[in-house]
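Undergrad: Just add 561 to wherever you are in the sequence shown, counting from 1, and you've got the working numbering.
Please note: incorrect hints may appear among the correct ones.
With a Cα cut of at most 27 Å, we get these calculated DSS-like pairs of lysine-lysine [as the list claims (entries may be wrong)]:
id, residue 1, residue 2
1, K944, K909
2, K722, K563
3, K887, K876
4, K564, K722
Restraint ranges, calculated between C-beta atoms of paired labels, are given here [claimed, not checked]:
id, residue 1, residue 2, range
5, P863, P811, 33 to 39 Å
6, D729, E813, 23 to 29 Å
7, M923, Q829, 50 to 56 Å
8, H916, E841, 29 to 35 Å
9, G718, R797, 55 to 61 Å
10, V676, E714, 52 to 58 Å
11, R820, I773, 26 to 32 Å
12, M923, S787, 56 to 62 Å
13, A817, G920, 48 to 54 Å
14, S787, E637, 50 to 56 Å
Just so you know, the hints here were simulated from the structure itself, not pulled from any lab data. Here a beta-carbon is modelled for each residue, glycine too, at the ideal position from N, C-alpha and C.
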Amino acid sequence: MKKLYYDSAYQKEFTAAVLSCQEGKKGYEIILDQTAFYPEGGGQPADTGILGGVRVLDVHEKNGQIIHTTDGPLKEGTTVSGTIDWDRRFLHMQEHSGEHIVSGLIHARFGYDNVGFHMGSEEVTIDFNGILEWEDLLEVEREANAIIYDNREVYAGFPPKEELETLDYRSKKELTGDIRIVKIPGGDVCACCGTHVARTGEIGIVKFTSMIHYKGGVRIGLLCGSRALMDYEKKRDGLQKIAVLLSARPEEAFSAVERLKEELGNAQMRIGALCRSLIEEKVSAMEEGSGRLFVCEPDFEPVPLRQMVNAMLEKKKGDTVLGLAKNGENGYFYVLGSLENDMRPLTKELNGLLHGRGGGSMQMTQGTFYGAYEDVCAVLKEKGFNSPGTCSEPGAPSLSDRA
Numbered sequence: 562m563k564k565l566y567y568d569s570a571y572q573k574e575f576t577a578a579v580l581s582c583q584e585g586k587k588g589y590e591i592i593l594d595q596t597a598f599y600p601e602g603g604g605q606p607a608d609t610g611i612l613g614g615v616r617v618l619d620v621h622e623k624n625g626q627i628i629h630t631t632d633g634p635l636k637e638g639t640t641v642s643g644t645i646d647w648d649r650r651f652l653h654m655q656e657h658s659g660e661h662i663v664s665g666l667i668h669a670r671f672g673y674d675n676v677g678f679h680m681g682s683e684e685v686t687i688d689f690n691g692i693l694e695w696e697d698l699l700e701v702e703r704e705a706n707a708i709i710y711d712n713r714e715v716y717a718g719f720p721p722k723e724e725l726e727t728l729d730y731r732s733k734k735e736l737t738g739d740i741r742i743v744k745i746p747g748g749d750v751c752a753c754c755g756t757h758v759a760r761t762g763e764i765g766i767v768k769f770t771s772m773i774h775y776k777g778g779v780r781i782g783l784l785c786g787s788r789a790l791m792d793y794e795k796k797r798d799g800l801q802k803i804a805v806l807l808s809a810r811p812e813e814a815f816s817a818v819e820r821l822k823e824e825l826g827n828a829q830m831r832i833g834a835l836c837r838s839l840i841e842e843k844v845s846a847m848e849e850g851s852g853r854l855f856v857c858e859p860d861f862e863p864v865p866l867r868q869m870v871n872a873m874l875e876k877k878k879g880d881t882v883l884g885l886a887k888n889g890e891n892g893y894f895y896v897l898g899s900l901e902n903d904m905r906p907l908t909k910e911l912n913g914l915l916h917g918r919g920g921g922s923m924q925m926t927q928g929t930f931y932g933a934y935e936d937v938c939a940v941l942k943e944k945g946f947n948s949p950g951t952c953s954e955p956g957a958p959s960l961s962d963r964a
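When you get a sec, could you build the whole thing from the sequences and use the hints?
TA: In structure tokens form, the structure reads like this:
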């Protein structure tokens, strides 16, 4: 079978004879005498498109034959026309050539190998077998884009054996037979079966989006060409909206957010101090006692609710204390504590009665009950809990407000 995509990665249409057509698990499997459809391989996804009026869903190579999986049959012996989805193909060409430049530069500068490569639906990921810093990647990105802007010619072909023996090229495995080489001057020389742009300028731009430590090395996220442009547009729009909210220029947004974060931290510290003072005042107003006691503070967050339960236990307002706070439409966050008793059996029992979820240590548990407030009150009273007020639906003053 002739692989037309090796003659020209830019061929969008072609004609071919149908050699065979068999129904498979995922569609009809068609073999042609020649094809411009690239089969999945080398980290590059397969082309899609139209073949003889039916949709090409997938293309893969098996036993030297390129198999086109389609959503309909084609008659053997007929000649059909094929059209590849060009936007998809060209994006893959941009991404694959961009990946070669990046991998070649990292190999030359740091000695690391590309040990994993995947063109995903959102970005390209590349795995390297060594540790990099983000600043290293930014330098590589600048150098890669300089090669792109220089619009250098990209060679992709099968050099003669004599020439091949003189080349120092990257390869993930030992290769035999005809070896296809992709050369980008100053960027990379690598064995590759994929489709590539003719000149580096067609890549447009490369941008790194992420880096994580992975299997003793790093995995980086990469965008090329139109995807990098769309990513810039999305982030630019987001930055402009943030700047408007902060009444700042886009270039001042980071400083404005830092100031806002500092102000928020100071406000939270003041709120925390006021909350602790309020808790101390409420707890001091309660009478000392023993047994089981519960309070409801509808507007409390989990942290101050725990602080209140701890304060009530320390001030000996009860042997076992349960605090409640509103949690959504039909839920009540709870904290259950005791200095003397194991709370886990009681927590399990209350969770069963009130459709609750939660757990914790022997002295303190927390979670959420679900149900109407009157039902929660009724169950707690059945289990021996008293309140320093009258049970009612939270909304006005909390129970401890009326103590």
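Undergrad: Work down the list of hints and note, for each, if the structure agrees.
TA: Structure-based check of each hint:
1. K944 / K909: holds (13 Å)
2. K722 / K563: Distance of about 21 Å is within 27 Å: holds.
3. K887 / K876: holds (25 Å)
4. K564 / K722: holds (21 Å)
5. P863 / P811: 33 to 39 Å: Holds: the Cβ-Cβ distance is about 37 Å, inside 33 to 39 Å.
6. D729 / E813: 23 to 29 Å: This hint is violated: roughly 49 Å between Cβ atoms.
7. M923 / Q829: 50 to 56 Å: Given range 50 to 56 Å: violated, Cβ gap about 31 Å.
8. H916 / E841: 29 to 35 Å: holds (34 Å)
9. G718 / R797: 55 to 61 Å: Since the Cβ atoms of G718 and R797 sit about 39 Å apart, the hinted range of 55 to 61 Å is violated.
10. V676 / E714: 52 to 58 Å: violated (28 Å)
11. R820 / I773: 26 to 32 Å: The hinted range 26 to 32 Å holds for R820 and I773, with Cβ atoms some 30 Å apart.
12. M923 / S787: 56 to 62 Å: At 59 Å between Cβs, range holds.
13. A817 / G920: 48 to 54 Å: violated (42 Å)
14. S787 / E637: 50 to 56 Å: violated (39 Å)
The structure fails hints 6, 7, 9, 10, 13 and 14 (numbered hints given earlier, in ascending order).
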